[in-house]
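Peer 1: With the hints as your guide, set chain E onto chain S.
There are 2 protein chains.
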Amino acid sequence: MKALEDRIQQEGLVLSPSILKVDSFINHQVDPAFMQLLGREIARHFQGKGVTKVMTIESSGIAPALFAAMELGVPMVILKKQNSELLKTDVLQTEVVSYTKETSYLLTMARKYISDEDHILLVDDFLANGEAATGALRLIRKTHATVAGLGVLIEKAFQPGRAKLEGQGISVFALARIGSMDESGIHFLP
Amino acid sequence: MKALEDRIQQEGLVLSPSILKVDSFINHQVDPAFMQLLGREIARHFQGKGVTKVMTIESSGIAPALFAAMELGVPMVILKKQNSELLKTDVLQTEVVSYTKETSYLLTMARKYISDEDHILLVDDFLANGEAATGALRLIRKTHATVAGLGVLIEKAFQPGRAKLEGQGISVFALARIGSMDESGIHFLP
Chain S
1 MKALEDRIQQ EGLVLSPSIL KVDSFINHQV DPAFMQLLGR EIARHFQGKG VTKVMTIESS
61 GIAPALFAAM ELGVPMVILK KQNSELLKTD VLQTEVVSYT KETSYLLTMA RKYISDEDHI
121 LLVDDFLANG EAATGALRLI RKTHATVAGL GVLIEKAFQP GRAKLEGQGI SVFALARIGS
181 MDESGIHFLP
Chain E
1 MKALEDRIQQ EGLVLSPSIL KVDSFINHQV DPAFMQLLGR EIARHFQGKG VTKVMTIESS
61 GIAPALFAAM ELGVPMVILK KQNSELLKTD VLQTEVVSYT KETSYLLTMA RKYISDEDHI
121 LLVDDFLANG EAATGALRLI RKTHATVAGL GVLIEKAFQP GRAKLEGQGI SVFALARIGS
181 MDESGIHFLP
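Those protein sequences? They're chains S and E, same order as listed.
Read in order, the letters of the first sequence are residues 1 to 190 in the numbering used here.
Read in order, the letters of the second sequence are residues 1 to 190 in the numbering used here.
Don't take each hint at face value.
One copy or two, it doesn't matter: identical chains are merged, so the pair holds either way.
[Said to hold, decoys possible] Below, a list of computed lysine to any residue pairs in the SDA-like style, where the Cα atoms sit at most 25 angstroms apart:
#1 LYS88 to SER104
#2 LYS80 to TYR99
#3 LYS21 to ASP90
#4 LYS21 to SER115
#5 LYS2 to ALA145
#6 LYS164 to THR89
#7 LYS21 to ALA110
#8 LYS80 to GLU102
Honestly, the hints are just simulated from the structure, not real lab data.
Same shape as in the complex, but just chain S:
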């Protein structure tokens, strides 16, 4: 998506060959009208595919997921990051290790908001190593729901997230695919 690539070029900060900050319009400060365009674009890609719920992970995925869910006319479910295990039968949890941030957390969902009849569209801001998305898929499988795909704003295509997910049969859609980043700039894949 040209508009997103342009904005990443203008405002994105390349902190290292693998770290891109887009704090000014996606992660910390959010441009609502632009985010609506992005959320709608993800929704349009998955329109007509029977999506019953949009799922995201707190908190940077919430804004695009909300607009995608709005466009598709379905509810959004926000997976929570917990630090400790919840000993409750009505809650599903799975551990996610984030190599990027060198942290781990328990991705948590109330069982009642996903049923075996749901067809889930996952939405997030970034796809890099695919750890968070893979964790979400583990939770979805426990509910016997099915997956329409993963829609992200920005894919770091030089990291293995897409391969991992496509290897599990998940359809991946990214609005901007970064092939490489360095001092010379950010290079997008078509």
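Peer 2: Relative to chain S, chain E alone:
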């Protein structure tokens, strides 16, 4: 707001005289179209008051804040909850102690997204003891920005949040004000 009161009556779970769960449409599963109505209602209350930015705290405030910011045509800034102090000059932090959850965190904001010319509307899902909002106000004061007010979806009016904020001259607007909750039901204030 009648529509919100009705939905709280239908779907809210009173876990104790002070704890209300609205997981099915606000905190965990989100109804996007309904949330847009709520965000717009907050925006309308503060329309014409010169708001330049909407500020919220991750993660349950993001959805209503996003729609309020969209309606007002201004950016949204998401304050982050960090566990450790960031030793950076471009970041502002303040400790918030949550009595409800018996936890504390460092509310964190990049300095560059708020300037002394900003007039900030704070938006959150709940107002109870006002700890989070008071923390956000401390950060805003450090930037010398001014505050248009606080807009929340649900106020627990039997807790001291409103009094604390109004005592500091902050205008507080709540879409639903709960006077008391018990086994007999949820009782709203006009």
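Peer 1: Just pull the numbers of the violated hints for me, sorted ascending.
Peer 2: 5, 6
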